[in-house]
Structure formats: structure tokens, C-alpha cells
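Those sequence lines, one after another, are chains A and G.
So the first sequence is numbered by our numbering: it starts at 168 and just counts up by one.
So the second sequence is numbered by our numbering: it starts at 168 and just counts up by one.
Hints in this document: simulated from the structure, not taken from any laboratory.
Treat each hint with caution, since some may be false.
Where chains are identical, the list cannot tell them apart; a pair therefore holds if satisfied intra-copy or between any two copies.
Think about it this way: if two alpha-carbon atoms lie no more than 16 Å apart in a straight line, the pair counts; the simulated EDC-like pairs of lysine to aspartate or glutamate are [said to hold, decoys possible]:
1. Lys689 - Glu291
2. Lys306 - Glu626
3. Lys302 - Asp264
4. Lys302 - Glu626
Being a predicted model, the structure only gives us computed values, none of them experimental.
2 protein chains.
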Amino acid sequence: MKIDGRNIVGYDYSIGTGLSFQGVNPISNSLIPEQFFIASQEDVEVAMFKAREVFCDFSKSSLEQRALFLEYIAYEIESLGDVLITKINEETGLSLDRIKNERARTTDQLRMFAAYVRTGNWLEATIDTGIPERKPLPKPDLRKIMFPLGPVVVFGASNFPLAYSVAGGDTASAFAAGCTVIVKAHPAHPGTSALVGQAIIKAAKHNNMPNGVFSLLFDNGFTIGKALVEHPYATAVGFTGSLGGGRALFDLAANRKRPIPVFAEMGSTNPVILLPEALKNRANEIATNYAASITLGTGQFCTNPGLLLAIGSEELEQFKKSLIAAFKLTNPGIMLHKGIVDAFVHKSESIFSESEVKLLVRSEKEADTGQGRPVIVTVKGTEFVKNPALHQEVFGPFSMLVECESVAELYSCIEYLQGQLTGTLIGEPSDFNEHRNLVNLLHQKVGRVIFNGVPTGVEVCPSMTHGGVYPATTDSRFTAVGVHSIKRFLRPITYQNAPLDILPEALKNRNTLSLVRFINGKYSTKDID
Amino acid sequence: MKIDGRNIVGYDYSIGTGLSFQGVNPISNSLIPEQFFIASQEDVEVAMFKAREVFCDFSKSSLEQRALFLEYIAYEIESLGDVLITKINEETGLSLDRIKNERARTTDQLRMFAAYVRTGNWLEATIDTGIPERKPLPKPDLRKIMFPLGPVVVFGASNFPLAYSVAGGDTASAFAAGCTVIVKAHPAHPGTSALVGQAIIKAAKHNNMPNGVFSLLFDNGFTIGKALVEHPYATAVGFTGSLGGGRALFDLAANRKRPIPVFAEMGSTNPVILLPEALKNRANEIATNYAASITLGTGQFCTNPGLLLAIGSEELEQFKKSLIAAFKLTNPGIMLHKGIVDAFVHKSESIFSESEVKLLVRSEKEADTGQGRPVIVTVKGTEFVKNPALHQEVFGPFSMLVECESVAELYSCIEYLQGQLTGTLIGEPSDFNEHRNLVNLLHQKVGRVIFNGVPTGVEVCPSMTHGGVYPATTDSRFTAVGVHSIKRFLRPITYQNAPLDILPEALKNRNTLSLVRFINGKYSTKDID
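Produce the complete structure using the sequences and hints provided.
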């Protein structure tokens, strides 16, 4: 498939403003030939108009139709073959293995949502049958179902050019819910975006989806993103990226005449607490695991462990020695784009300028252009508690070891943490018994508590929570990963005394979809008499 | 029980600023003797500190403990007997029958939440067991559960001094979720608030709930409400009231350093569409029902039908005649407080000042002091579409009949409507067949679609949606009525590879709570091997 640099506006293509930009190869730091046209305000208008115009149609597509659409997107992405893999590598510098894994994750996600759509569980069909003879007032017949919000604006994320970009988790869950989708492509991988966008269009056409179910707009600035979020027809926003970016979108959405929900998954330092007995028994093993986890994918994961906390002891000294030894041998790696390298360098430097922050270890190899050089700093618990600058995420292969003098100091460090995607406890059973309150404390900050593992690696399954208290996300009540992420784009709607032929299939007396329904206070798969 | 005019700050009492205010009897327009002390900033600090301090404890209370607490609140409210009924009547002018009904609804709600807490369904226990031998990476054991957000700030609503006030739906659902609660009492019924607040304290002490699970603060201005919403320890807000009030709280919460969710249930005009065949067959009956629904409780329901829409015809003329005849005989009624009377008068007058708005009918009886006089105006569809001033809610016994010249005009009126709690269709089966698109259109605006009924009367049950698109609420993804309103105050949390003894009861291998759990992609009540 040839890359088309035009904006995808439903089933039409547009050169928008006529102005264009190019992708950059982060390895060679050189421009990639293809031109991508910056969308115009008119493109925004037309894309949003179509998205709204066909929303009603799409929202009424059958579960099977929607599932097939999702499966076809997966198929079309796979059909792009090496063209896609090569393009991603060219635009992001990610390794071929990593890209192939991410492609598998992305297509798995699409198929998982297809399967979930078919179950209909997410419709949460709830029925209370009427009692016309009830005194003093008759009880009406009430039937509730989850209904899609409307057009959803999705922002592609730079660190997951497939899994959290054009056909990533946000788009897949929005389609699954029955929402039309308008994606603002991330300017760091425009060619990838164009290829995947065309794959979605092919899948949409093949499945007779309406013209407007999907649009993809390009911009290397903020104008188009802002116009989309502020557009009256937008009903929700999905975003993965920086705290600054996510908060800006949240503010735009909250300041609208009619505010709309924004699910922004933003920064996280993902604290890891190293408990004493574990350090005694396996300092070496932990150090090796963490040297790998901190530098995995050049540290460009939302769940990168950016913060290690421990109580000072001989064992901690041993752990530090092992960590230094293992970490020295790690390699600088290419980062996704120049903006990310610059931010990594700038933020690491600014952390060093904070009082009492000391270098623990750097990779021995220095960074080439476009690379991030792994680094771990260390600071005392007393300093960490009083300096909020040390609590910020440094996106990249960076971590900070906070050394506490006592258990009490460790607790106050945790107490002062901001919201997090994950929190990890490394301990022996005796550690957990002694520090049960730490689990409780961590609980109140994070979306996922990990025991004796690393936070990197987000399994895609129903029981995953990829979310957490602000600033990890803008709304801790939702997850961005797993089938339950569909809830971000659904709202309940109740039918009171509706004629049976008007009710949606899921709420009719005959349970033709074989749903588990909540009927008169009990779960049931039966028909209603 | 004697009324204590002091602020309830956990298990302590405070005279706050030392300044006080008094309730007003809306019938006699005279001050009620008891003094209520305006809370101080320190009261806010202490209440929030306690609410956060004991949150962890309360969040870990067993389902049974929490259910008993809710049931005891219901019992203590009933034990207040006539003291409570008399006080509500004195402060709000609501009829004794209405108050008794509302008390029953309130205690039923509390018991319903108790029963729902016991089921544990709301925990949404979801488990994916690990596969340590999976290649290339082991699959971790992941277990997810819904966890309470933290301290919730609740604002008492003036129009439901029991059901949506101190121990109303917001408080009940927040307690059910495991959240601690700080209520800002509505200044229009301080004595009622004090009595119910004391009932909650008695129930809390009887059930050994921690000191800080509940606080109640008084203020007749905005200072305390603002301080509560802006307090760093607040994690969510529940509100029922005006669009202005709800939006102000939403803005405060969105502008926090750490934004928190606000569920504000605000204005709604609750459009009612009168379809042709129905008007042909039963104009009289519909007119009588609506004369009653518009004036029920002096129109002081969120679901009051403030907007009737129909296509001009002989039958519509007949309907208008019947409506005029029935409506003339309705009575002015006491409104909840002077602010509401003033707003009603002011907003009705300002609607009259809009071009082409004509009086259809008023109650023959004029209003006494403190009363609202029922009124219906009429306007053409062409005017309605172009004038947003006509789309605003007039809280009270007011409705507007929009007369359209054609089906197309009726559709554009619906198209231009803002979000609504409810939308009602009055029609015969043939009407629904012909106007299927109207149902689809209405769908996209409302939380509840009613067929051949009146929107007033909100059944409290799982399949109720009392919510809707902005400005009906600030977040259409939730309901304020029914057990699912608990979702406003819950967030998912995942345990990865947690030791079994650390897992919450609902996620352990043995299903001791007999929950319906979602295990490896299937609903099951079985233990895990």
C-alpha cells in the first residue's frame, strides 16, 4: 500500500491547508521524503459533521457487524506486512522485534474487543418489569442498556505507534462501544498513521460501515487537536501522553460550554518499594531485573520504574553495588523523536540541579545523537519528601533511588507521592506481614499493585487496570487497557414502558442474544414471560 | 431529639465562626428560632482530615458492617418520627403526605443500598489466573476489584430535603461504596439537616464506625462549599440543583491542581412529544395528566415536564382546550424557599419578554406570598428553534407548548434541544412506527425515554437512569438514582501476583462471599483451584 499524505475525512481525502510536514528518522535525524498535509478547519468541520451524521446508524449496527469490523481492521493491519514494520522502524527507531510484538498486541486487542462486543456483557442489560397493579402508584416497566456517547476524538501516542495510536486501544474500545472516531495523528509517525488509517478505511468499506465512522487528520501543531476537542459534536476524548498535553486537553474539554469527558493517561513514576528481607535474600536478582526494566525500550513506557524506595542497610548497599554493576552494562538507545530526547536530557539535568541529588550510575557507553543514556540518581528520603520537583516523571531510561533512614521515613515518602499507574512491592512474606499498611497506603495512589515483579509489561486482559489517581490519569474510575476500557465511552439509557418492538434487541423479552441480564434484582439468562 | 445548630465534625461539634443563621418558614415567611452556626475553615480542615484519616479503615469494613450501618441510618431517621416530619414541613412548606412519601423513599433507598452492598456485585470481581509457563513471557496472575475513591463531598438539594439531602442518594451510595462523606447542608432546611445528621452519627456510633466517617457543615453562603470542593483531600463531589450551581462546582473541581470528578444533576426541561394519532384518540386524557404532572409538588421536580411539542392540527386545538380547562383549576402552591419563588417569577417573566411567546393558560387562583402560580406559555416551532433563551429550564409549575407546522419542524426542534434527564413520547403504535427516527433522535439527548407516561415519578430501582447529557448532568456516564449510582464513587484496582493472604476477600481463591465473578473470561460463582 502506498502512503497517502492526505487527511482521511470519512471516505474522502483532503489536502487541507495545502501546507505539509515530513516525518523524521530519529536514527539518522533526517527528513523522510513523504509529505503529510496539515488539516484545515474545514476538514475538522466535515469530519465531525460526518461522525455525528452517521453516529446513529453506526450505534445501531449489530454486535456481529461491529465485531467483524474490528476483526477486519486487525486483518488489514496484518496485510500491510513489512511495509508497516519498516515504516514504523524508520519513523520511531523502535527495534523490529519490539514493533512486531506491538503489532501482535494491537491486532490481539482488536480481536479481543470483537469477542467482547459479541458477548454483549458490556451492554449491562438491566430490567425491572412493571407492576401495573401496585398501590398507590403502578410500577412502570424499566429497562436499561449502555449506549455509546457519540463521536470520540482520539490522539495517537508517540510511544505506542500501533497499540496506542490510530487503531490502538482508544479507537478499538470506542468502535466497540459504537462510537464514531476521529483520530488526530501523532506527528512523530505520520506514515505509520496513514498506513493504519487506510487499513481502517478498507475494513470499514468492506463491512459497509457508514461514510464518517472514521477520520484521520494530520497536524504538526496544536490547532487541529484543539479544534477537535472544542468541536460541539465531540462527546469524549482519549489521549495517552505527557502530563502537560493531557492536562491541556482536559482543560479545553472542561471549559467547553458543554463539557465532555477526557480520559488522558499521563505521567507516572511507578514507585517500587524494596523491602528489607527481600534485599537480604536476593539483592542481586532484584538489581538485575530492575537494570533491565528501567532501560527496557529505552525507558519509553508509561509504566517505567522511575522511582525506587528503600530503607538504608548493609543489604541496600549490596543492592546498590549490584545495580551499579548491572546498569553500567546497559546501552543507550534511540528515543522516539527529538522532542523526547531533548525533554529527557533537560529533565534529567534539572533533577541533578536539585539539592542533594547524586549520581548513582550511568551506562558506560555514551549516547549517540538521538539516544538516551540510562541513568540512576539517588537522594535521601528527607529531601524527597520536601521537594516536589523530585516527584516528576522523567520519561526515558531514568530512575531515582530514594534512601530512607527509617520505616517511618519510607511511609512518609509514600504518603507524599502523587497518583500513579502502578506501585510495586518487592518483599518476602515476612516483609508483607510487617508492612501491611504500606499496601493500604499504596492502594490509595495507584491503579495496579504489583508484588515481586516489574511494572513494565501491561497484560491485556479483563482484570488489568491501566489507570490510576491523577496525574496518572484524568479520571481514576476508568482503565485504558483491557475490555473494560469500553466503559469510558458508554452511558446508561433507560426505556420506560417502551413498546416491545421499539426496545433494543438486548432488552426484549426474548433473550435472543443469550446475555447475562440483571432482571428484577437477579442475574439471569432466561427470557421474560 | 433536640436540634443542635452546631456543625458536626466527625464525632465532635463545633460552633465554627460563631456566626449563625436561621431557617425561614416559606409559608409565613418568618424566621424559625433555632440558630445554625456557620462552619469555619478550621471545621473544613478537621472534617476533611478526619474523613481522610479514617477512609482506609472504613473502606475495609466488611460488606455486612457497611450494610448494617446503612440500615441503622434508615432506622434512626424513622425513629425521629413526627419531629422530623414537622420540621421539614416548617422549613420547606412541603405537604405532610409528600414528606412522608419522601421519607419512605429515603429509608427504602438506604435499605436498597444495604442489600446491594451485601450482594457484592458492585465489586465487579474480575480474575485472570496466571500462566507461569507461558512463552515468551509468563502471564501474571491479575485480579481486579472496585475500590472507593476516598472522601466525597455532598451538597444537600433543596427540593428533596430527605431523598437528595444529608442522608439521600449521594450519601447512601458513597457510604455503600466505602467512601467517607462530608455534607454541606442546604441552608433552606438546616433543622432537617441537623436532625438527619444526628441520626447518621447515632447509626455510625452504634455500628462502631470510625470518627470521621461523616461530617455535616452549615453555611448560608458559598465559602464552605468552595473550600470543601477545593480541599486536597476531597476525591469526588455529588450535587443536585441548578445549572449555575452545578457548573460552578464543576469548574472549581476541574481547575484544581488535581481535578476530581463532580456528578452534578442540574436543569432539565424534560421534553414531551405529543404525536398526532395519540392526540386524535385521547387529547382529553393527556391534557388532564399533564395539567397534574406540570403542577405536581408545585413543579419542583427535576423531571417536571417543562416543554411540550406537537404538530399543529385540529386535534392539537382540542388538546389545548382541554389543557386550558384542566390547568385553570390547578392551584398555586408554596415553593421551597424565597430564592426559588423569586427565580420562578423572574424566569417566567423573562420568557414572556421573548418575542412571539404567548400565554396559553394560568391557574385561575392568584399566588399568595411564597407561592408559585402555574402557567403554560406557547410559542411557534420556528421561534423555538432560533431562540436558545426558550430552551432554559424554568424551575416550578411552568411549561411551554411548542407548536410546529410540520413533522420536519418538530424534528428540528428536537435536534436543537440541549441534553435532558428525560424525554417522553405520547403516541399510538402507528405514531411510533411512523416516527421511529424521533426515538433515535431523542435517545441522543436523554437518560430516560418514557412512552405514554409522565416524567415525574422516578422509580428507585437498578434499571433507572436519572442522568443524561449536559446540562442535565455533568457526566452522562452515570446515574444519580438506583444502585448503579454507586459507580460514581468507585475505581478499579488490580493486584498482580499478590500473595493470597493480602488479596481482598472478594478476590481470594475461595469464593466465600458467593459472588458472581468474571474469571478467565467467564462469569462464575466457583472457587479457583
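Comparing the hints with the structure gives:
1. Lys689 - Glu291: both (13 Å within a copy, 15 Å between copies)
2. Lys306 - Glu626: between (45 Å within a copy, 8 Å between copies)
3. Lys302 - Asp264: between (68 Å within a copy, 15 Å between copies)
4. Lys302 - Glu626: between (52 Å within a copy, 13 Å between copies)
Violated hints are absent here; each numbered hint is respected by the structure.
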